[in-house]
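Chain by chain, the residues:
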Amino acid sequence: MSLFVEQLINGCALGSLYALFAIGFGLVFATLGILNAAHGTYASWAAIAALAAVQRLGLPFPLAVLVGVAAGGALGVAVDQIAFQPLRRRGAGMLGALITSIAAWIVLDNLAGVATGQDSLSFPTDSYPGGMLHVGGIAFSTMQLITIIAMLAATLGMHLLVRHSRFGAAMRAVGWKEQAAAIVGVDPRRVVLATAFLAGAASGLAGVLGGISTANVSYSLGEGLMLKGFAAVVVGGYDDVRGAALAGVALGILEVMSAQYVSTSLRDGITYALLLGFLLLRPRGLFGGTSFVRA
Amino acid sequence: MRIAKGAALVAAMLLAGGSVLAGPARAAALAPGDYKVGFVAEITGPIAFAGKSFLAGAQLAADEISANGWMGKGTHISVLVKDSASDAARAIQDIHQFIADRSVIATTCCILSPVANSVKPIVASAGIPLVIHGATLPGLPAPPWVYSMTVLPGPKDVATAVKMAETTKPKSVTYFLAADNDAFKARLGAARAALEKMGVKTAGVVSVLTADTDFTAPATQAMGEHPDAILIYTTQAPAVGIIAALRQRGYTGTIVGNDVLSPASVFKKLGPAVVGIPFPIGFSSDLATTPEAKAFVAGYKAKFGNDPDIYSAQGYEAIWFIAQGLRAAGGKPTRATLAKTLAAQHEVTHNVYGGEPITGGQIDTAGTTIVAWSADGKLVPWTGAK
Amino acid sequence: MADFWAAYQSTLGFAMVNAFFALSTYAVLSAGMLSFATVTFAALGGFLGAQLAVHLALPPVLVMPVSALSGALLAYVVALLFLRLDSHWMALASLALVLITRVVALNATALTGGVNGLSVPLSLPLWVLAAILAVICVVFWRLSASWYGIAARAVREDAAVAATLGIPQRRIQTIAFIISGAVGGLGGILLALMLQFLSPETYFIDIAFTMIAAVVLGGSYHWAGAIVGAVVFTALPVLLQAVVPDFEKVANGICLLLIMIFLPRGLIDPRALRLRRARKAPSR
Amino acid sequence: MMSAPMLRLEGVQKSFGGLTAVAALSLEVPAGCVAGLMGPNGAGKTTVINLITGLLRADSGVIALDGAPIQHLPVHAIAARGIARTYQNVRLFAGMTALEQVMAGSYLRRRTSLMASFLALPSARAALRMTRRRALDLLARVGMAARADELAETLSYGEQRRIEIARALGAGPRLLLLDEPTAGMNAQESEAIGRLVHTLRDDGLTVLMVEHNVRLVSDFCDQVTVMSFGRALVHGTPTACMADPEVQEAYFGRKEDAQRIRALR
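Residue numbers (numbering that gives the first Met the number 0), protein chains in the order written: chain U, 0 to 294; chain W, 0 to 385; chain H, 0 to 283; chain G, 0 to 264.
A hint or two may mislead.
To be verified - Covered stretches of chain U, as calculated for chain H (at least 3 residues, CB under 8 angstroms): (1) 26 to 36; (2) 221 to 233; (3) 273 to 280.
What the hints assert, rightly or not - Distance windows between CB atoms, simulated: (4) Asp148/G to Arg170/H: 26 to 36 angstroms; (5) Leu257/H to Ser122/G: 30 to 40 angstroms; (6) Ser102/W to Cys136/H: 53 to 63 angstroms; (7) Ala5/H to Asp62/W: 21 to 31 angstroms; (8) Ser102/W to Arg270/H: 41 to 51 angstroms; (9) Phe15/G to Leu160/U: 50 to 60 angstroms; (10) Gly135/U to Val80/W: 39 to 49 angstroms; (11) Pro121/G to Ile253/H: 47 to 57 angstroms; (12) Arg275/H to Pro121/G: 33 to 43 angstroms; (13) Lys267/W to Ile81/U: 33 to 43 angstroms; (14) Arg230/G to Ile81/U: 49 to 59 angstroms; (15) Arg275/H to Asn305/W: 51 to 61 angstroms.
Keep in mind the hints are simulated off the structure, nothing from the lab. All residues carry an ideal CB built from backbone N, CA and C; glycine is no exception.
Please work from the sequences and hints to get the whole structure.
As structure tokens, then:
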């Protein structure tokens, strides 16, 4: 029984990383209409930045996380302005942005490889709260608790921002049609920048926390999050923060449980089959939502 | 360096003896000139960390062989590099370019077995020798064209597992397996059979995948089986992750690793978590005892500023093996005559392992050294005591 | 010269094989759909064809039609399932399909050889490859000049308007998928013959992304753009490796980015050609 | 002239969210007639056109062509029954020449199978030549023959509108729906469109056009329906409709309302 509960916590913590990744990815997709292949590299670079903050500047854990998050956000904005803005000006569709995002992915991924010396680095054990907590015979690590709390906070914050603020209304409006944002009284350019930053920051948070708890700071960090986070976006629906977060956590639990009780080689198969099933049977995600494309 | 030269001299004499037996045609000295080896490198991509070591070792070997004219007066060997990023399609294109370059006499490549598998038929049909420097799949070599300078890890794993069982006497053990890697599947199978024969029960086998990054759940699963020891048969990244996760969750029992734990970067990353975990090794700079090995370590340090690892040793051996073939062939060797000569070699004479016999194009090493990382980051012989 | 040819013949071979994948991607793109499913069609065509070649010892000439057909059949099923989805969702669904393909390929060891892969002891002379590509080019030229091509262009530019002109979107897009499947399946077995070895990693996300990029780079408004894009995309890394060996991939990405920003409609763009001609013509 | 209506709408209802765009609309267009559909902005005229062509699905009600209900048919099947249309804001295909636009419009009249056309069979080539000649004729008819090989997007707004009409005619419809065909045109050009519509009618085509230009409607329409807030206000001859006080109020009295609705859309 305690094994089951421990695995449930493991699944939640793992799924929280997917969720953090997914909410940013979905936000960009819904608001800016971009299928951003470079989204995973923000996580890798955020972890690299946080590690540098720890090793070079000797910053404490909370500040290092902050550095990572800021780096993820800044990278999100930079990629948007370099790779997407020129196309947006010209009114090129989703396809062009996908290609430039692939280009950005190639560049950032390989530079991340250079930055880590093609190696997988890890945070020094004394640079983060690495202890184990024991509650009634159940063991879990402090990092897992932090990850789950961070995911809940980020999801709640993002949901309130998108659904219950004027700025969020503008974001949704931009997703529909850029001029519409102007009607709500918000500069669409500011909405674009803010969306890119928030998405990058969420991905960055996933990167730093994931980089610490999986002892892996390298370009593969972002790639790993990318595939599963993408699945979470599809299952949860990209236009709903709660859906993406819930789906991310659910996928994490499903992954851990199917490895524990079914088979590791079928683990990813189960995840992706579920993904395809959702696409075909419930193509608007868990919480539904309006169609993205006009008739 | 002086000692190394001495050993080389001995080896050369041995070789000369061999060629006398083989007939007078081979006695001619190698014609002066620059002999080029095409090196398909993996210096970017998923396993670039190892790929760089392989290449560095090869370059050192070429320097050494050329510097003192080991193959003959006025002879040089040089390494031409093309990166494949571990992509089979790229590796094939690189090999084709080497084949087209008439000045390239032999090639060496491949850390990944699938890549080696796709390059094999091409070199065989084009007729150019290929020395595989990293892929561990059994059955890859196919003389006269294809040779492997990778020590097969299977038997060493069994020896390590058995020694662990003899010293710590576990009742039950749990295995970690890279389920998408058949080589590790076979290695685990051999070790498990040996242990079960000794009466050690299998508590469970926890599968992970090579590309996985999160090992908290697998660690929890393994610890849930309450084994006395845990044996890890996975590639490097999962092995590192598993050890980190096990130690983090407070596992204090015995852990047995495998050769992927030998590079210095592993200690740098894991620190105290990896100390005392036994694993077998073919070469280690800390344990270098033979003159050749010591010379290799010294030369490597002087050239690259850090210690060589098992990967650099394998890259180093690949070039030495080719050089040995060239020297034995003598005269003006072609790719075909070089292949014929390589097939006749029964040992890599200049080796850092203290003996490196070749059977069917596959090298082996003499004994098994079981080592573990010490607290100050050195590889020390594993004594079995905890 | 002979050496140069020998050195780069495999690059040329891969460029041609990639052209099949690019054309397969173009086939759906030209009917207004972004789909990564080409990878799945290629995997089926490749593994099935390789098994037939190895176990039944069928010659490549017979294996290829089987691969193309199997790709087309799978594509028909995919079309039935996917054409109900909005364009964005379809892109995502096809990406999911690619991920599933790899898992299936890893586990269906009887067909794929699992992680160990499958060695394909057959090879294909380059001129045969070139001849097949030429035939496929004729097919695409005929397609674009035929009523199918006219209808597909209309559907791509504005599916709703096309429908009000009596052009059945579903049917046109189903045909597009079937063409994509056939060409993708054919590309799959050709890649197998080029590599002489297949593993589940052979057909994965890299192919999907590079092929979409190749098509858009070459120009997604003309079938020749797919071929130009595939050639550029195959040759670029080889060339860049000679120029900037350490940052070859980064340079690759930057090239892609620059081309997209400055030539968003790709290298081959019939519209730009027409505009230029219109500007030159003094008759206005 | 046949007495049975070619197009019949009966109790057609359509709402978006809470907003009713078309409410219980009934409408008849006799064969061989030029019917006008008028009303202030936001009255639901374009929605009616979208409902008839199937781009939107009615919530309830019947839409019948020659007595047979069509509201359940897919868009392309409705077109195949003989309904073609133009768009309020021109929707030509990007990257196509004027001739190619009309050719695309002629898909239903291609007289050959896709396969035969792909194989370039002699019969298919003959059919293609014929279709091209017909397309050129249609371009000549809207006065665009000289621009056949020019990219449509480089032409002026009025020219694009005329190409769109030619494209719709390419489908060989029996019922042509024109959505504000003279928007952005000067009086002279509008007049030409009106005359074109008359010649089309004389060739046996039935036309329903959404039009703002009161003079054009008065001069060229046989009957008019005026809509306001999704309902049909009046139905009758152009002169009678214009004189109706309700129409006057709808057009001039509640301009602010109309403006507001436009902003909301």
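Output the indices of the hints that this structure fails to meet, ascending.
As far as the earlier hints go, 5, 6, 9, 10 are violated by this structure, in ascending order.
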